[in-house]
Each structure stands twice: as structure tokens, then as C-alpha cells.
Amino acid sequence: MKIQTAIEEKIKASLTPTYLEVLNESGKHNVPPGSESHFKVTVVSNEFDGKVLIARHRIINKLLAEELAGAIHALSIHSFTPSEWSDKNEQSRQSPPCLGGAKRELSN
Amino acid sequence: MDVLDRIKEQVESNPVIVYMKGTPQMPQCGFSMRTTEALKKCGHEFAYVNVLMDPEIFQNLPRYADWPTFPQVYINGELIGGCDITLEMAEKGELQTMIEQAASK
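As they're listed, the protein sequences go chains Y and X. Read in order, the letters of the first sequence correspond to residues 990 to 1097 in the working numbering. Read in order, the letters of the second sequence correspond to residues 67 to 171 in the working numbering.
Hint data in this document are derived by calculation from the structure and do not stem from the laboratory. Certain hints may be false.
[As the list claims (entries may be wrong)] Derived pair list, reagent style DSS-like, types lysine-lysine, alpha-carbon separation capped at 30 Å:
1) Y:Lys1077 x X:Lys107
2) X:Lys107 x Y:Lys1040
3) Y:Lys1077 x Y:Lys1040
Quantities reported herein were computed from a predicted structural model and do not represent experimental measurements.
One chain only, chain X, in its complex shape (with noise of 0.2 Å):
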């Protein structure tokens, strides 16, 4: 499968996942670390992509929504943001929310 068509198909069939280095037990960067924290607040399980451990993700990722920066959060198949507006959404209540609705469809 091509490498877009894997990262959609993940992106679709999951409510709420994050694209990060490392693993959400064991962040290796800082960035994701806190991003995945703010995620395991909303105390819904999501999925995770190790981008250090695929290699081609970690090339194709930032092409896929024109987003060139690590992590990346899709809730619903659409990219939310990285670590910055993560943390500013789940400041404002909105990551729970919508993080919410997605668990709940």
C-alpha cells in the first residue's frame, strides 16, 4: 500500500490518534511527551504512530496535511495541530470536547 493511502487509512479508522517519537510510556521528545499527556487527561484511549520506527511515515507524514513538524494529533480523520495547539485547546477545555464526540460516534 502506498505510504499516504497507510497514514489515511489510519488516520480514518482511528477516532483520535497521534503521530509522535517515541510511545505515549515512553516519549523521546519532549513535544510529544507533553502532547500525549494532554491527550491520557481526556481519559479516552487513543492510537499512536512511533515515527521513529517507520521510517517511511516519518519521510511522507508531513506531506500527507502540509504539516512539517512533529507529533501530529487527527481527531476524526482531521489534523488538529501539534504540540503547541494541542496544549492551547486542552487549556480552553475544547481537545475534551472534541475528543469527546469523536469517542462517541
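Isolated chain Y, as found in the complex (with noise of 0.2 Å):
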């Protein structure tokens, strides 16, 4: 399976979304054409009522563990409450653009 639907399904599956994005942000970095390394997943669920980030976050570290172990080398988070999510005008921050990381170093 790929690793976008994996990830789409093991969320849809936990945390019955309002909204769930998942992109594929790896033609931004310095990774071969078609991968899948890097990722910004936008979350909006009700089960994050009460939670703090920190807590949200590990919840969707725990269940996308299996790839973070493997495939994936950047997970971006955003999670938010239906009614964050409003205050949010429905929008996630943006990534930062890529800097070279280990690639670049190893390069040096």
C-alpha cells in the first residue's frame, strides 16, 4: 500500500476526522522523483477536545509508528478541534522549504 493511504486510513480509522489532509511533500526536498518521505498531515477531530499538542502529536506518532520506523523521514503535524479549526479559518501554516539536511551535510 502506499504510504499516503496508510496513513489517510490509520487516521480515518482512529480518530474519525472532520477534516483530514494528508500531502506529500517530498518533490519539495532533496529526495528522488515519486518518494514518499516527507509529509504534512492537517487533522481536525473531536478527540483532540482536552488534549494539549504534545498529546495529540503522540497519538498520531504512535499510530503512524510503523512508518515513521521506516518510509517516512519528516512528518509535519497540525491537529486541531472542529471549533480550532474554525478559529483557524480552516488553514494549516505552511512547510518551511528544505535546506539540504543530512544529504547536504554528508555532501560537504
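From the two separate chains plus the hints, produce the assembled complex.
Here it is as C-alpha cells:
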């Protein structure tokens, strides 16, 4: 299964999000075309009610532990309750540009 | 010293420390860059470890606080999160408050 599909299915099954966007941002990074290494996930779910950010991120990290141990190199997480999401005008922050990371370090 | 003891010593002896790719002057990852920008704006000194230069920490930090990605920010010995959480807290003014409290200890 594609990593992107796996991420979507795991989050849907466990958090029943009212909004979910999984963006493959690998194309912005120093990896071969078609890679599934850098993802941005925006999840809006009632499950986050009363949970601080670090707890929400831990839930998602745990759901995606298998992917994070393997294919995923970067995972940006944006987690909101439905009311926080509407306060944000239904937009999450854009990911930063790639600066080369370990590959640049190695090639220097 | 065992690597986990080394990490423990670092996070407990520095009020604010970030484990990052590159340095605050020359970050090598966009997420590390944004995180240190947010920390710099708080106006207090912070410590950093360049995980690209320390393979042992790079390998083992994820299991120290059960957090799989970099960067990681610790305040008063506690993991506060990675880039997304640091920026979110900075936006709400919470990061500044936490850092000021940590610096005054």
C-alpha cells in the first residue's frame, strides 16, 4: 500500500476526523521523484478535545510508528478540534523549504 | 557515559535546549530553522546540539522521550515538542512565558 494511503486510513480509522488532509511534500526535498518521505498531515477531530498539543502529536506519532520507523523522514502535524479549526479559518501553516538536511551534510 | 545519561544531563543542565539539524546560525533543515527562529525571538540564550554531528545522539534521542522526529525542544528538562508545537506555542505567547520562567530559575 502507498504510504500516503496508509497514513490516511490509519488516521481515519482511529480519529474519525471531520477534516483530514495528507500532503506528500517530498517533491520539495532532496529525494528521488515519486518518493514518499516528507508528509504534512492536518487533522481535525473531536478526539483532540481537552488534549494539549504534545498529547495530540503523540497519538499521531503512535498511529504512524511503523511508517515513521521506515519510509517517513519528515512528518509535520497540524492537529485541531473542530472549533479551533474554524478559529484558524480552516488553514494550517505552510511547511518550510528544504535546507538539504543530512544529505547536504554528507556531501559537504 | 551512556548516551541516554548524556542526553539526560544535557536537558537537565540547560533551561532551554534544542536538538536540531545544523546550528542556529546555519540550520540544515527547514523545521530546525523555524524552531530556532522562534526560540531566538524569545530573547534568551538557549543551548543546542547538532544531531548531524553526533550520530549517537541522532540514533538514540528518539527513544529518550519517545519522540520520533527532529528538532526536539526541551525546557526545564521536559520535551515540549518539535517544530509544529514550538511555533504554535510561540504564536500564542506561551513559548515566551515558558522560556522566561525557565531562564529565571
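Hints that the structure is at odds with (numbers, increasing): Of the numbered hints, all hold.
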